[in-house]
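In the order they appear, the protein sequences are chains A and B. Under full-length UniProt numbering, think of the first position of the first sequence as 1, with each following residue one higher. Under full-length UniProt numbering, think of the first position of the second sequence as 1, with each following residue one higher.
Hints in this document: simulated from the structure, not taken from any laboratory. A few of these clues could be false.
[Said to hold, decoys possible] Straight-line distance between alpha carbons at most 30 Å, and here's what the computed DSS-like set of lysine-lysine pairs gives:
id	chain 1	residue 1	chain 2	residue 2
1	B	Lys148	A	Lys139
2	B	Lys148	A	Lys114
3	A	Lys80	B	Lys140
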Amino acid sequence: MIRQLLLPALLVLAACGQQGSPDIELHNAWARPTVGQAPAAVYVTIDNKSGSDDRLTGAFSDHAAMAMVHQNEFIDGVSKMRMAGEINIPAGETIEMTPGGTHVMLEGLRAPLKPGDRFDLVLRFKESGDKTVKVTVMKPEGQ
Amino acid sequence: MTRLRLVLWVMVALAAVGALSLVLQSRSPTVRETALGTIGGPFTLTGSDGKPFNSATLNGRPAAIFFGFTHCPDVCPTTLARLVKLRRQLGKGDDALSIVFISVDPERDGPAEVGSYAELFDAPVVGLTGSPADIEKVKKQFGVYSAKAPLPGGNYSVDHTATVFLLDSNGAFVATLSPQEGDTVALDKLRRIAA
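Pulled out of the complex, with its shape left as it was, chain B reads as follows (with noise of 0.2 Å):
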């Protein structure tokens, strides 16, 4: 009688350890995709004059990088226009911090176009484009989303994730900036990093 009472306290206890496991399995993907620690990473891309760049190049000074398209009139250049004035308020040149604008249109988005929009901002800003491939690859890294959404006349726009990563000196993720939040937070988020 004991005895089957013990075999029947192992079966339960069994069952709660699979039970558990199962719990874990099914739990952990999630917890590693919101993990800090695998936002962004080492990337190649393909700068403005056509050769490669390696996210490296970005090493040693901290960095806010943005994902947008040049056929984008409003929310990517006041992005931009954005952080070249955050960069200012900062007071510590233009050394102080890297701006990076990755193209999620690589079809209509060449070293050439994302060089001359890069160019609009009369400070330095880093215009990055890539295969199509090469561009899905960061998009993933950075849990960034992009889609076409047809305008009338042919053309089209691309709906996109709009939030700014910042980079620490060794390239790691620390914070984002919301479009929608003050340039108050935005500005102590970027002092600490790049303090």
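In isolation and in its complexed conformation, chain A is listed as follows (with noise of 0.2 Å):
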């Protein structure tokens, strides 16, 4: 009887961690209008709620070839664009990317972005896995 209870019990808790214990959550995913052949920047908010630490791995979208995620730092009134490595996202805190900072950047986009237009973007973390939130493109000028 007692295993009879605990087998669904383990396999609840195994599927917990396979899910994330770390609980993340995104929030107000933006992007700027594009023209052409050239990429866009996509601005997210990451929660993490749990008490433990997370990290961001990789970005992906269905919406472009290649998703990267890129920080920007200016050196000497200079902008430089790189790629940012795994970003920690400490337990309880909250990352809000922004212009100038961090952003996801999205490289050949199946269509310039119009504002209004709504898309998937994925972000995965090492922890919590794969996380899908909704984009929306702005006017111009942002947020």
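Combine both chains into one complex, guided by the hints.
Here you go:
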């Protein structure tokens, strides 16, 4: 009897572990419009509501050939955009990507982005796995 | 004896003058480079219509000049959108300030590319490009740095000076806007030149 109860309980626990005990929520994903072949930058707010750290390891979108997490730096007035590597999302903290800082760059868009467009972006986390968020294309002024 | 002393003093004086002139000579070029009056100056580039664009066209109203590239997804649209917003906050209409975007990526940015990029901002923005030689020349005039930085997948980004150059209505350089300074400071600077 105990064993019968224990097995489903263990399965539930295992499932929790896979889907991520760190509880990541994505909010407020937005991008500016684009033209021609130019890439887009998506800004997302990542909320780690759990008690343990997680890491952002990658990004994917069906709307673009390639998605990369980028970090911009200003050094002596010069703007430099580079791959960000893994980004630590500490327990209980919120990371807000903002213009001029970190963004997800979408290269090879299926079509240029227009205000009002909406599409899915997947962010991959080391502990929590893949999380999907709806990106809204804002007016050029952004937020 | 007195005469020898005099000769020696003359030699000391000559040596001092020589040393001083050497110091001045070695210093003067850097002094000239950082003088306000030498940033900017007249230039001719290519407009979004494919025709030559002379900087004298900008005279008659102040201008904010930003160097960037159309494949720049973050800093460039952020800066141009910020300039459009600041011009709106000035409350004197779109004629109070010209916003000028100059491409530092002439290989990818032809007149059509800078033209459609400039139209993204729902407000008048002048998009300019030119031959690589033209662009190099204007970069030098404004002391702007740019260099290609390869991206995975074969494309490239461009590292570039993100400072905005403010010109008065005679085309003379007066101040810069930094991406990191607050909007209050930026707006004060714009008010001064758009007065």
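Consistency of the hints with the structure:
With a C-alpha separation of about 29 Å, the suggested pairing of Lys148 of chain B with Lys139 of chain A holds against the 30 Å cut-off. Among the hinted pairs, Lys148 of chain B with Lys114 of chain A is consistent with the structure: their alpha-carbon atoms are about 28 Å apart, no more than 30 Å. Between the alpha carbons of Lys80 of chain A and Lys140 of chain B the distance comes to roughly 19 Å, so the proposed pair stays at or under 30 Å and holds.
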